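Visitor: Single-letter residue listing:
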Amino acid sequence: MALKIVKGSIDRMFDKNLQDLVRGIRNHKEEEAKYISTCIDEIKQELKQDNIAVKANAVCKLTYLQMLGYDVSWAAFNIVEVMSSSKFTYKRIGYLAASQCFHESTDVIMLTTNQIRKDLSSPNQYDTGVALTGLSCFVTPDLARDLANDIMTLMSHTKPYIRKKAVLIMYKVFLKYPESLRPAFPRLKEKLEDPDPGVQSAAVNVICELARRNPKNYLSLAPLFFKLMTSSTNNWVLIKIIKLFGALTPLEPRLGKKLIEPLTNLIHSTSAMSLLYECVNTVIAVLISLSSGMPNHSASIQLCVQKLRILIEDSDQNLKYLGLLAMSKILKTHPKSVQSHKDLILQCLDDKDESIRLRALDLLYGMVSKKNLMEIVKKLMLHVDKAEGTTYRDELLTKIIDICSQSNYQYITNFEWYISILVELTRLEGTRHGHLIASQMLDVAIRVKAIRGFAVAQMATLLDNAHLLTGNVQRKGICEVLYAAAWICGEFSEHLENPMQTLEAMLRPKVATLPGHIQAVYVQNAAKLFATVLKSGEGSADSKAAQEMMIERLPLFVQSANLEVQERASCILQLVKYIQKLQQKDVEIAEEVIALFAGELNPVAPKAQKKVPVPEGLDLDAWINEPPSESESEDEQPRAIFSKEEPKYSRPRHTEVDEKELAKRREVRKQEQASNPFYIKSSPSSQKVYQEGPGVEHIPVVQIDLTVPLKVPGLPMSDQYVKLEEERRQKDRADKKKKEKKKRKEKRGGGRGKKHDSGPESEEDITPAHMVDIVTEEMPENALPSDDDDKDPNDPHKALDIDLDKPLADSEKLPVRSHRAAEVLKSPTEDVDAERTVVSQEPKKKSSKEKKEKKKDKDRKKSKEEKKKKKHKHEDKGEDLLGGQEDEPVVQSEETIEVAAPPTSTTAEVSDLDFWLSNAPVPSNAQEAAPVAAAAAAAEADPVPEAASGAAPDSEPEEPKDTEAEETKSSKHKKKKQKKEKEEKEKKKKKKHHHHHRHSDAGGEESVQNGTVEEEEEEEEPLPPMSNYCLLAENSYIKMMLEDADQVNDIQGNLQDGSQVVVSVIFENKCESFLKSMEFNVLDSLNSKLQRPEGSGAHDALSVPFQLPPGVSNEARFVFTMQSIVMPQKLKGTLTFIVKNEDSSTHEKLEFKLHFTCTSYLITTPCYSDAFAKLLESGDLKCSSVKLEGISMPFHHLLARICFHHHFSVVERIDSCASMYSRSIQGHHVCLLVKTSEQTVSIDAKCDEPTLLGNVLDEIKQTFSQC
Amino acid sequence: MIKSILIFNNHGKPRLIRFYQYFAEDMQQQIIRETFHLVSKRDDNVCNFLEGGSLIGGSDYKLIYRHYATLYFVFCVDSSESELGILDLIQVFVETLDKCFENVCELDLIFHMDKVHYILQEVVMGGMVLETNMNDIVAQVELQNRMEKSEGGLSAAPARAVSAVKNMNLPEMPRNINIGDINIKVPSLSPF
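From first to last, the protein sequence lines stand for chains A and B. First residue of the first sequence: 68, per my numbering; consecutive thereafter. First residue of the second sequence: 33, per my numbering; consecutive thereafter.
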């Protein structure tokens, strides 16, 4: 029975994979949600199972449900579990799910750091690939910081597949952890010349992405990119580079000049439309940057425009769209070239494709001139009538307004026409842009004084016909226009022909259905009108009628639900009643009533308030009164109360000022108030205000041309203006001709007259229909014109604005990866670390951000202190802080990478660029001078002929200087190197003598200590530094350091396809020459073989995937396959390389011996104590033991040493007794029981392979015999 | 940078979504709906570019899409990508799908969303174009599939477990597990 239940449940668990889930959802279309919720319940059950396959299946289904919009973040932990599976199949599922649903606030992400690190260093490239892909989607600042170094190592991986991905992900790392940019950049730059095109493309991609946001930092790369552009055939890469140049040219016009020719060639030669298009785009950018000073750039413009015309005429809508897009860029600087294609663009307005129509509209915006504005707008008005769909029509409407109002109504010659257009636009059905039209009406009426009469007449008509606008409920948007109409009629009521009629229109009962804010304006302006009527004839019939009307109609508004309306209405009603009362007493009151609304309102620029400059001598940060000194807490109050951005007129600091000064100030203030439109003035007239300054009033306003009818019956038709305009222009032209003829006649006697009169009329020839003076918006005096308030402060790219040419400082190096063994050990501090304070005994790391921050700070301080200390120690030996980096104790540093950036001097770089830019557009030998290019040139088989062929005569004088620069640079390297080495050696000696914890591994070669303090390790108690790196071989050219890495992660996988061991070798160039063509070879033994790429022979050498400039070190990894792992192995190998000097190159060879200890076959594998006990009980294991005498180190150090050097993990520790476990790559279990008493350590060991065990114990013994 | 990649069918049902910038699930669905709304009302003979919908951000972004039979492939990209380049990329992606699935149709995408993701991962990584050569992409995908096969695939372990239990031969055991459309030919790894 029980079995049945079990079986049933298992069956249910396993019966649904992703396909079944999808099928199920499709079969339950009516009750999909319900079905899915049962599925989710099942998935929850499945996730509780121990079987990782079941979990992976469940996670896979969750990924699908996530796509359907279900939040699956509750399963985040399970996803992490699946990610850490050793099988690729499951791992891939886990990472996919993570990339779909993890984000920065997913808290389990911090659990993944070690897992990801492990996957990144996996010997299986696809494990690494999957981890990189996943990480690219959910990288957080913490992950970026912790993994930056690992990823950087991968950038030099042997497989291009991994290099490519590692390069791409660096961009994400930079974004999240900007500090990594500088240390990683040299290597990224190196990848631009990677032999694999995919890697190269990735590097170009990343640099383009970086440079797009902060172009100026990447200008120095221009020569390199230029070379790539002329050599690459990959269109993807070309497009990216060309786009990058588009971003760089605005900063360096000389670059543009250099680019024009190759780009033009590309335009002519390429068949790829995408490339052609980008070339055209960049040429345009270049031409924009060289707005003048280029003699023949009109040819380039013509070429671009011509190519674009071909695109626009193409039947492919995509090309048409892009053609228009690029055209709009040309338009900004070369409007004339585009305007000749007006026909084509107007044609595009009729296109059935909305995207294209919108693009064409954009173009029109820039194409208008005084001459064609009316014509274009007329065309647009036709489209407005035809347009289907409100969105496009609204777009048209805004475009019309944009076109007309651009640059302060620059192109409008006839404002009456514009007002009529606006009025016509009010007839649009259901537009949302009523407020836009309204604001235009207001703006024009206020700023163009000459038009007020006409505008008022039009607005009066609008008000009269308000029912047409408000009739339909759906036309809510447009009634905003009435707001403007009412205000204009009220404010400029002196222009009204028939104020009574308008007043009546404003007080119709129907007005009460309008929105509140409009009613309020109505009421207010009704009062203004009333004042006007009163003034025009006090006591007349009209004014009496007006009075009655007001008193009769206003109560309607007094009852309004809108407070504003109510308030104004009741106020005005009382006012009118009061006036009536006074009039009954025969008091002349009109003047006083009109005074209520006197004065002129001036437009104020929107930014005016912000732009008020801080008066001289005013310090907003200074205290007005000194703060009370005793209260220290108040000192801390932020000073930001007075911020610099909002300058205020603040009181002067000292109050005792003499009378004269006061009077002067009063005068100044008065003037300020007078010119401030927000300040209620004492005088009713604004005349005085403009006495100083460029008084608007003084500009002569020409009376309106009489040929234009002022009164248009009914609603106006803008079309007639077009005709009128034509006539007028013709007349003007005729007049001019006459005049000119006259002139010519007069001139004939004197000499040859000008003959170009009959050409097309130019812009300047068009005289406006009536002189308009456009009142400019008011700005405070001394306002600064600069506008930098548009930048987004939250742009993540801001942080990446980093100078990349500065030499790398020690403090900038990336945090080095270190062990985070689960078995954290406790120890008293000792020796060197004695002064370190123990922060906490808590073994587990808290990962809350705040803590980390604090830790960081502390760490920084500490490491500084330590450095100082160290420095002090070394001082007597004459060492400087240069080597300080190496001095810092490493907490179990397992792998170290020196971020070896060749310190390039900024000035040299800049001058190189200058030189390159001033040169002919041939990739000349000048490049070789640049440190980057030096690498490039060296990579080429024979750079000498190139240098000869480059032979630009003007380049020769520069050459010696540059090479000199290089020489000094490399000699600097040399010195540094030597110093470093000396230091190291001395240190080593010292360490050997004084600190017994120095330890060397694998055959007793000297070990070198490297790396920096990992910041987060602070809470753990310090351990003596350890390193698995040892010197492999060294000669005068190169030093090889070996880590007999054991990075075999996937035990199961390796059990199946044989065992692999990864060997990391650091190559360090010690000489001052360039090292290239490095080849690594090992004589295979029967038992162990170097893994070579498919297709290569058994004795072929592996080429090292990088080259070494002087002083640089880099790491490469090699995979070995082992048959049997029970015995240590020694392999003979050779490294061949070419040493390249300026004038010669020599082949060199370096022999070495690779030593594989048995330890290197062990993998640190955690083991639970119950499983451990079971293992021991099983009886399969053979026993062996060893005794170590004279071990004086603390027990936990002993354990740490075993863990670190021999890849064990602590299972359990009780007092001075500990059980440890490890596993070989072939699955042998190795168990240790370590006991200590006094100075004796006894190790009892069990393993299923006695030979292996014996060897491991021997190695352990050796380890401890050395310290 | 590519901001997101959406594949949905003519009815707006998502077949694959890939955001390279975080959005909450409901926001994602809203974006899909809006994008579908924008794209679906366009004729097939109009251009393949759309100025970004309000949701997917800013004037710098564009929607670039292609319509194949029943599916829309929509990429949302910023101005650093070449428009025509992305169109080509979509074509490469679809051709790759066609090669990997052998005459790809919507059903393949429906039932093998995970595999489509794995293929996409070889084309675009973290919003940046990783590889544009179809043969390289197919080769990498196949190598990984082979690896998966050598591990026995996702369903191997449960299959063994179930068959072990099934072989115990209990009479009232529900054997009919297949509840889906019988017509759908699914070249699945599932041994059920």
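No lab work stands behind these hints, which were simulated from the structure alone. A couple of the hints might just be wrong.
To be verified - Straight-line Cα separation of at most 27 angstroms, DSSO-like style, residue types lysine-lysine; simulated pairs:
| no. | chain 1 | residue 1 | chain 2 | residue 2 |
| --- | --- | --- | --- | --- |
| 1 | A | K96 | B | K131 |
| 2 | B | K73 | A | K96 |
| 3 | A | K101 | B | K181 |
| 4 | B | K45 | A | K185 |
| 5 | A | K226 | B | K147 |
| 6 | B | K45 | A | K96 |
Said to hold, decoys possible - Chain A stretches covered by chain B per the calculated footprint, using a threshold of three residues with CB under 8 angstroms from any CB of chain B:
| no. | segment |
| --- | --- |
| 7 | 84-91 |
| 8 | 109-116 |
| 9 | 128-142 |
| 10 | 153-165 |
| 11 | 246-257 |
| 12 | 387-401 |
| 13 | 1304-1316 |
Stated by the list, open to error - Far from chain A, by Cβ distances over 10 angstroms, these chain B residues were calculated:
| no. | residue |
| --- | --- |
| 14 | N41 |
| 15 | E66 |
| 16 | S112 |
| 17 | D120 |
| 18 | Q153 |
Note that the structure is a prediction, hence the values are computed from the model and not measured. All C-beta atoms in this analysis are idealised placements derived from N, C-alpha and C, irrespective of residue type, glycine included.
Visitor: Determine for every hint whether it applies to the structure shown.
Guide: Now the hints, each set against the structure:
Simply put, K96(A) and K131(B) have alpha-carbon atoms about 31 angstroms apart, too far for the 27 angstroms limit, and the pair is violated. Between K73(B) and K96(A) the alpha-carbon distance is near 25 angstroms, which keeps this suggested pair within the 27 angstroms criterion. For the proposed pair K101(A) and K181(B), the alpha carbon gap of about 35 angstroms is over 27 angstroms, so the pair is violated. Between K45(B) and K185(A) the alpha-carbon distance is near 38 angstroms, which puts this suggested pair outside the 27 angstroms criterion.
With a C-alpha separation of about 23 angstroms, the suggested pairing of K226(A) with K147(B) holds against the 27 angstroms cut-off. The suggested pairing of K45(B) with K96(A) holds, with an alpha-carbon distance near 13 angstroms, which does not exceed 27 angstroms. Only residues whose beta carbon comes within less than 8 angstroms of a beta carbon in chain B count, and the segment 84-91 of chain A has 7; three or more means the coverage holds. For a cut-off of 8 angstroms, the count of residues in the segment 109-116 of chain A with a CB near a CB of chain B stands at 0, and the three-residue condition is violated.
Counting residues of the segment 128-142 of chain A whose beta-carbon sits less than 8 angstroms from any beta-carbon of chain B gives 8, enough to reach three: the coverage restraint holds. Check result for the segment 153-165 of chain A against chain B: holds, 7 residues qualifying (beta carbon to beta carbon below 8 angstroms, three or more required). Given as covered by chain B, the segment 246-257 of chain A fails the check, having 0 residues with a CB less than 8 angstroms from a CB of that chain where 3 are the minimum. Proximity of the segment 387-401 of chain A to chain B, defined as three or more residues with a beta carbon under 8 angstroms from a beta carbon of that chain, is established by the 3 residues found.
Proximity of the segment 1304-1316 of chain A to chain B, defined as three or more residues with a beta carbon under 8 angstroms from a beta carbon of that chain, is not established by the 0 residues found. Interface exclusion of N41(B) from chain A stands, the closest Cβ pair being 13 angstroms apart, more than 10 angstroms. Every CB of chain A lies more than 10 angstroms from the CB of E66(B), the least distance being 14 angstroms, so the non-interface label holds. Once the 10 angstroms rule is applied to beta carbons, S112(B) is inconsistent with being away from chain A; the minimum gap is 5 angstroms.
Residue placement check: D120(B) does not keep its beta carbon more than 10 angstroms from all beta carbons of chain A (closest about 7 angstroms). The beta carbon of Q153(B) sits about 5 angstroms from the closest Cβ of chain A, which is not more than 10 angstroms, so the claim that it is off the interface is violated.
Going down the numbered hints, you'll see the structure goes against 1, 3, 4, 8, 11, 13, 16, 17 and 18, while the others check out.
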